[in-house]
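Participant: Sequence:
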Amino acid sequence: MLEIKKYQFWFCTGSQDLYGDECLAHVAEHSAQIVAGLNASGKLPFEVVLKPTLITSELIRKTFNDADGDPCCAGVIAWMHTFSPAKSWILGLREYRKPLCHLATQFNVEIPYDTIDMDFMNENQSAHGDREFGHVFTRVAKNRKVIFGHWADARVHAELAAWMRTAVGAVESNAVRVCRFADNMRNVAVTEGDKVEAQVKFGWEVDAWPVDGLVSYVDAVTPSEAAALTDEYYELYDLVLDGRDPAEFRRHVEVQAAQEIGIERFLKEHGYQAIVTHFGDLGGLKQLPSLSIQRLMQKGYGFGAEGDWKTSAMDRVMKVMAASVPDAKGTCFMEDYTYNLAPGAEGILESHMSEVDPSIAATKPAIRATPLSMGDREDPARLIFTSHAGAGIATSLIDLGERFRLIIAEVDAKHMEKPMPNLPTGTVFWNPRPNLKTGVEAWIHAGGAHHTVFSFDLTAQEMVDWADEMGVESVVIDAGTTIRGLRYELMLGAAAYR
543 MLEIKKYQFW FCTGSQDLYG DECLAHVAEH SAQIVAGLNA SGKLPFEVVL KPTLITSELI
603 RKTFNDADGD PCCAGVIAWM HTFSPAKSWI LGLREYRKPL CHLATQFNVE IPYDTIDMDF
663 MNENQSAHGD REFGHVFTRV AKNRKVIFGH WADARVHAEL AAWMRTAVGA VESNAVRVCR
723 FADNMRNVAV TEGDKVEAQV KFGWEVDAWP VDGLVSYVDA VTPSEAAALT DEYYELYDLV
783 LDGRDPAEFR RHVEVQAAQE IGIERFLKEH GYQAIVTHFG DLGGLKQLPS LSIQRLMQKG
843 YGFGAEGDWK TSAMDRVMKV MAASVPDAKG TCFMEDYTYN LAPGAEGILE SHMSEVDPSI
903 AATKPAIRAT PLSMGDREDP ARLIFTSHAG AGIATSLIDL GERFRLIIAE VDAKHMEKPM
963 PNLPTGTVFW NPRPNLKTGV EAWIHAGGAH HTVFSFDLTA QEMVDWADEM GVESVVIDAG
1023 TTIRGLRYEL MLGAAAYR
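Just so we're aligned: 971 in the numbering used here is position 429 of the sequence shown, and the numbers increase by one with no gaps anywhere.
Think of the hints as simulated: they come from the structure by calculation, not from any bench.
Hints may be right or wrong, so weigh each one.
As the list claims (entries may be wrong) - DSSO-like, lysine-lysine: derived pairs with alpha carbons at most 30 Å apart:
1. K640 - K629
2. K810 - K737
3. K956 - K979
4. K841 - K548
5. K841 - K737
6. K871 - K841
7. K684 - K604
8. K871 - K810
9. K629 - K548
10. K871 - K547
11. K548 - K585
12. K684 - K548
13. K684 - K743
14. K640 - K743
15. K684 - K585
16. K979 - K960
17. K640 - K737
18. K960 - K906
19. K547 - K960
20. K684 - K640
21. K547 - K828
22. K585 - K629
23. K871 - K979
24. K828 - K841
25. K629 - K604
26. K841 - K906
27. K593 - K737
28. K841 - K585
29. K871 - K548
30. K871 - K906
31. K743 - K547
32. K956 - K585
33. K585 - K547
34. K593 - K629
35. K743 - K828
36. K841 - K810
37. K547 - K629
38. K743 - K548
Go ahead and model the full structure; you've got the sequences and the hints to work with.
Facilitator: Structure below.
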């Protein structure tokens, strides 16, 4: 299972000393109650930590600098209890590099009609302070998330939790290192990209390694180690022998077990969180890494096939974001394969030749070892299954030469009408919103790839927020999409992000 750092989010309240010490004492007391309430809600995936009330430019700047320097701080939640003159925030905001959420709330739910006086008005000026704080963000052109509502409201908790996941994805993005054991598939355009610009924008380090450097790690795995992991496979998964001799079948599976152990040792030793392979560059590997890659993806490693490093890195980022989702249904590398155009049963069959993450499986996966026409190696053992049904998103990060674009499509995964006994892969069948025709046309107009990262656990808004934090264009295809509207949006995006 994927384990991530126990991040914290700093709660910073803005005020000033104009209203006296008693007012500031109330501000501190109310801030503490809000933080305690947020943490006690049980809805936030990370702890909120209260910081001293910010009333001077020097303290604001120091607090934001400290937040940047604290590896456990993933972002700041800012609340304006009173009016806080925004020029005091400029230096701190200009230097601040992590995500920030402007929580536009107030301590009280309603106006105390019978007792309200000017002391109350001065002390509870969130509506005033929000405008001043928001203005300076716009003035210095700094990205932020704005969430409005009472701090004890369940909707606010849900939106704050979603932003926290986005913030962690943005922070963790800067730590993503991708190991490429192969270049892109020959003559394929959409998996290409500028790795230097990706490191500038997203923080991703993408390194090339000869595949035979990996082979030595796989070959170093002892037979007893491979056998022990194979025994674990046999306990976890069903077996589909397809008439093969059981001993011969097990030998195919043990090859994948040795690969899982060897690949993971390589990744850990060299500090990588994502991997890229290609069936056309396997060197001394006996099989295309299949079951081994599926297992590594389920552990949280990112993956991209045929040299697709952008999807591999996005897979890792989205897995990190989804790691804090309760009762998660899965986030995985995916590929568009074939349409079903039968009226009333329209959709797209999604799969890959072998590397589909079993985290999305609806039932117990099974191991099969069947021939693979590509790669010129032994029949690879891989897990086969069908996915959950339910709402999800598919994302594609593309390089348009002068900029990146993140395309996010809302989809509805459905159960297959019939079994597919001759298809030895993991599959998901989905219908894009608003419908197959518009969804496909919109995806093509936007330039979306055939490789995606699919998630049951993240939302389009979370990915839009992530793209905003990284400073790249995002395009959403959802129930409200029209082709005319989308093409106009693409035209505006081309002008805004060029």
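Participant: Need the list of violated hint numbers for this structure, in ascending order.
Facilitator: 9, 19, 21, 22, 27, 35, 37
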